[in-house]
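Participant: The listed protein sequences correspond, in order, to chains A and B. Start counting at 1 in the first sequence, then tack on 4, and there's your number in the working numbering. Start counting at 1 in the second sequence, then tack on 8, and there's your number in the working numbering.
Bear in mind the hints are in silico, worked out from the structure with no lab data behind them. Accuracy of the hints is not assured; some may be wrong.
Straight-line alpha carbon distances no greater than 27 Å define the calculated DSSO-like cross-link-like pairs of lysine-lysine that follow [to be verified]:
1) LYS401/A with LYS390/A
2) LYS92/A with LYS76/B
3) LYS32/B with LYS118/A
4) LYS32/B with LYS133/A
5) LYS218/A with LYS97/B
6) LYS224/A with LYS55/B
7) LYS81/B with LYS22/A
8) LYS76/B with LYS133/A
9) LYS133/A with LYS97/B
10) LYS83/A with LYS32/B
11) LYS189/A with LYS76/B
12) LYS91/B with LYS92/A
13) LYS57/A with LYS76/B
14) LYS133/A with LYS91/B
15) LYS55/B with LYS92/A
16) LYS92/A with LYS80/B
17) LYS22/A with LYS80/B
18) LYS92/A with LYS86/B
19) LYS76/B with LYS79/A
20) LYS209/A with LYS224/A
21) LYS22/A with LYS55/B
22) LYS22/A with LYS76/B
23) LYS55/B with LYS79/A
Just so we're clear, the structure is a prediction, and the values are computed from it rather than from any experiment.
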Amino acid sequence: MSYEVVIGLEVHVELLTKSKIFCSCPTSFGDEPNTNVCPVCLGLPGVLPVINKRAVEFAILSGLALNCKVNPRSKFDRKNYFYPDLPKAYQISQYDMPVAEDGYLNIKVNGETKCIGITRVHLEEDAGKLIHAENGDYSLIDYNRTGVPLVEIVSEPDLRSHEEARVFLENLKRILQYTQVSDCKMEEGSLRCDANISVRLKGKKELGTKTELKNMNSFKAVQKGLEYEIKRQIDSLEKGERISQETLRWDEGRGLTVSMRSKEQAHDYRYFPDPDLMPLEVQQEWVEKLKGLLPEMPLQKKERYITQYGLPEYDAEVLTFSMDMADFFEDCVKEYPEPKVVSNWVMGELMGFLNAERIDITETKVTPLNLAKLLHLIDKGTISGKIGKTVFEEMFKSGEDPEAIVEEKGLLQISDTKELEKIVDEVIKINPGPVEDLKSGKKKAMGFLVGQVMKQTKGKANPQIVNKILRNRLK
Amino acid sequence: MEITKGNVEHVAELARLEITEHEKDIFTEQLSNILDYVEMLNELDTKEVSPTSHVVPLVNVFREDEIKEVLKKDEALKNAPEKEDGYFKVPRVIE
Ligand SMILES: [Zn+2]
Chain A
5 MSYEVVIGLE VHVELLTKSK IFCSCPTSFG DEPNTNVCPV CLGLPGVLPV INKRAVEFAI
65 LSGLALNCKV NPRSKFDRKN YFYPDLPKAY QISQYDMPVA EDGYLNIKVN GETKCIGITR
125 VHLEEDAGKL IHAENGDYSL IDYNRTGVPL VEIVSEPDLR SHEEARVFLE NLKRILQYTQ
185 VSDCKMEEGS LRCDANISVR LKGKKELGTK TELKNMNSFK AVQKGLEYEI KRQIDSLEKG
245 ERISQETLRW DEGRGLTVSM RSKEQAHDYR YFPDPDLMPL EVQQEWVEKL KGLLPEMPLQ
305 KKERYITQYG LPEYDAEVLT FSMDMADFFE DCVKEYPEPK VVSNWVMGEL MGFLNAERID
365 ITETKVTPLN LAKLLHLIDK GTISGKIGKT VFEEMFKSGE DPEAIVEEKG LLQISDTKEL
425 EKIVDEVIKI NPGPVEDLKS GKKKAMGFLV GQVMKQTKGK ANPQIVNKIL RNRLK
Chain B
9 MEITKGNVEH VAELARLEIT EHEKDIFTEQ LSNILDYVEM LNELDTKEVS PTSHVVPLVN
69 VFREDEIKEV LKKDEALKNA PEKEDGYFKV PRVIE
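With the rest of the complex left out, here is chain A (with noise of 0.2 Å):
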């Protein structure tokens, strides 16, 4: 029998303010436990969160980066649960009146566009970190993250297949960060996902019972979570069984699957208006004076690179992966108008020693216009094609501007033509074999004397000349 699948994406990003959602503590990660912490993330008796104006900008920013309407209104309301991550035994959430909703974001799969709505954004606290001991009775709890701001993204049920699923989160990524509203490190926690999955036959009109499934900690857990998630659905329907209604967790170390909760611990959160935070209320004008900092988004900026600079698609893919990778690229075309080239180089050299040095472009000590500079000398002659990627090397290494390493280390091209009249003569006497050889029409051989004149001259010979002489001297 043929299935659907059916899956929706509640996606948790934490935001790039400075200070915590309600407090005044700071947001960094990586500290020591429990020293970003104050009386009010600590929830202290007696104390008064009040929300901080940036992560209700970077809400609405979020919203409107998804084409949703943000609503005029807003409030925060009160989750309750008992589980030790928050010290007040309730998060401040958003429930029937978050900042933004009815959106929607396009993904592009096997060359198909199909837009995926977006239900709602709303703005919520995070939680503290838990360390259960490995053979103890205890946990250990960090308060530091507790306070950070989110915001939950929702999707509407709209996503057919693991891999839609993967390339929205991968779309949703690209947007956030273009809109600079979060860093979405997956490997960091500051971009969380869950899913809602069920399958059901082809053809039927209501959905399967659904599970929710946690703990997908990267890009690679999410797409093997939910690969396996419906896979064991399908087998249980094969078998005749049923479905239950749960929440599951992904076990990255088994590859499996694994219930979280029982039954009779259903959620009940009991939502209630949070007395201590007053509403929000969001005039059109400040709206439209945020629409105006949203910078052009990946998918748009892809297709401008392929119809304004003539790159293929694969190209335009790779450089608008990031807004610093594509700003990297078009600042240098400004001073080298030779888009393929310059992408060639980018893609090529940059990223290649990016990668290997596992390194982010914003680390890098290449400028954009130190490359340019090095791509000028190439098509001047300065230096050969070849010794330019010996001195983009170089430049990685120390950031110097490409003209004082030519100099520095002597590796002028050699166009003086007496000067390489001499070096193929010493070439051409030393190797009577390829000689005959190339007098005998094997064309093979010429490419073995030019090697062997840039072998004596370090790549520096020009191989334009060498290849004249050559053939030249051997007529």
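Could you slot chain B with the ligand onto chain A? The hints should help.
Facilitator: Below, chain B with the ligand alone, put in the same frame as chain A:
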């Protein structure tokens, strides 16, 4: 409004309260009485009244995104019944 003993048990469980059988009976009756009393509000016509989430007529009470002083580590942990290596220590909880 009718409150059952089951409702009382559920609410007690959610609030992590342990109550005796005798208390369950008392609370069932008391909670029913309270809700009956509040029920009177339903006699009012509230068609033209928007739902109240706050009684204070204030909106957009913001603070700027600024970092201010935090608690010293030993101060933060001062009220913890148990601590270890700078962490709050609690009975093992796994969801
Ligand atoms: Zn705080």
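Participant: Taking the hints in turn, state whether each one holds.
Facilitator: Hint check:
As the CA atoms of LYS401/A and LYS390/A are separated by approximately 18 Å, the hinted pair is consistent with the 27 Å bound. Of the supplied pair hints, the one linking LYS92/A and LYS76/B holds, its CA atoms being roughly 21 Å apart against a limit of 27 Å. Between LYS32/B and LYS118/A the alpha-carbon distance is near 55 Å, which puts this suggested pair outside the 27 Å criterion. With a C-alpha separation of about 37 Å, the suggested pairing of LYS32/B with LYS133/A is violated against the 27 Å cut-off.
A C-alpha spacing of about 25 Å is found between LYS218/A and LYS97/B, which places the hinted pair at or below 27 Å, so the restraint holds. Note on LYS224/A and LYS55/B: the hinted pairing is violated, with a Cα-Cα distance of about 52 Å set against a maximum of 27 Å. Pair hint LYS81/B plus LYS22/A holds up; C-alpha atoms about 20 Å apart against a cutoff of 27 Å. Proximity of LYS76/B to LYS133/A is assessed by CA-CA distance (about 22 Å); at most 27 Å being required, the pair is judged to hold.
With a C-alpha separation of about 12 Å, the suggested pairing of LYS133/A with LYS97/B holds against the 27 Å cut-off. In summary, the hint linking LYS83/A to LYS32/B is supported, as the alpha carbons are separated by about 26 Å, within the 27 Å threshold. The hinted pair formed by LYS189/A and LYS76/B meets the criterion: a straight-line CA distance of about 26 Å does not exceed 27 Å. For the hint pairing LYS91/B with LYS92/A, the CA-to-CA distance comes to about 18 Å; that is within 27 Å, so the pair holds.
Pair hint LYS57/A plus LYS76/B holds up; C-alpha atoms about 15 Å apart against a cutoff of 27 Å. The suggested pairing of LYS133/A with LYS91/B holds, with an alpha-carbon distance near 15 Å, which does not exceed 27 Å. Of the supplied pair hints, the one linking LYS55/B and LYS92/A is violated, its CA atoms being roughly 36 Å apart against a limit of 27 Å. Proposed proximity of LYS92/A and LYS80/B is supported: the alpha carbons are some 20 Å apart, at most 27 Å.
For a cut-off of 27 Å, the pair hint linking LYS22/A to LYS80/B stands: about 19 Å separates their Cα positions. This hinted pair checks out: LYS92/A and LYS86/B have alpha carbons roughly 17 Å apart, not beyond 27 Å. The straight-line distance between the Cα atoms of LYS76/B and LYS79/A is roughly 25 Å, inside the 27 Å bound, and the hint therefore holds. For the given pair, LYS209/A sits about 31 Å from LYS224/A by alpha-carbon distance, which is inconsistent with the 27 Å threshold.
With a C-alpha separation of about 44 Å, the suggested pairing of LYS22/A with LYS55/B is violated against the 27 Å cut-off. With a CA separation close to 10 Å, the supplied pair LYS22/A and LYS76/B stays within the 27 Å bound. Restraint check: the Cα-Cα separation between LYS55/B and LYS79/A comes to about 21 Å, which is no more than 27 Å; the hinted pair holds.
Hint compliance for this structure: hints 3, 4, 6, 15, 20, 21 are not met, and every other hint is.
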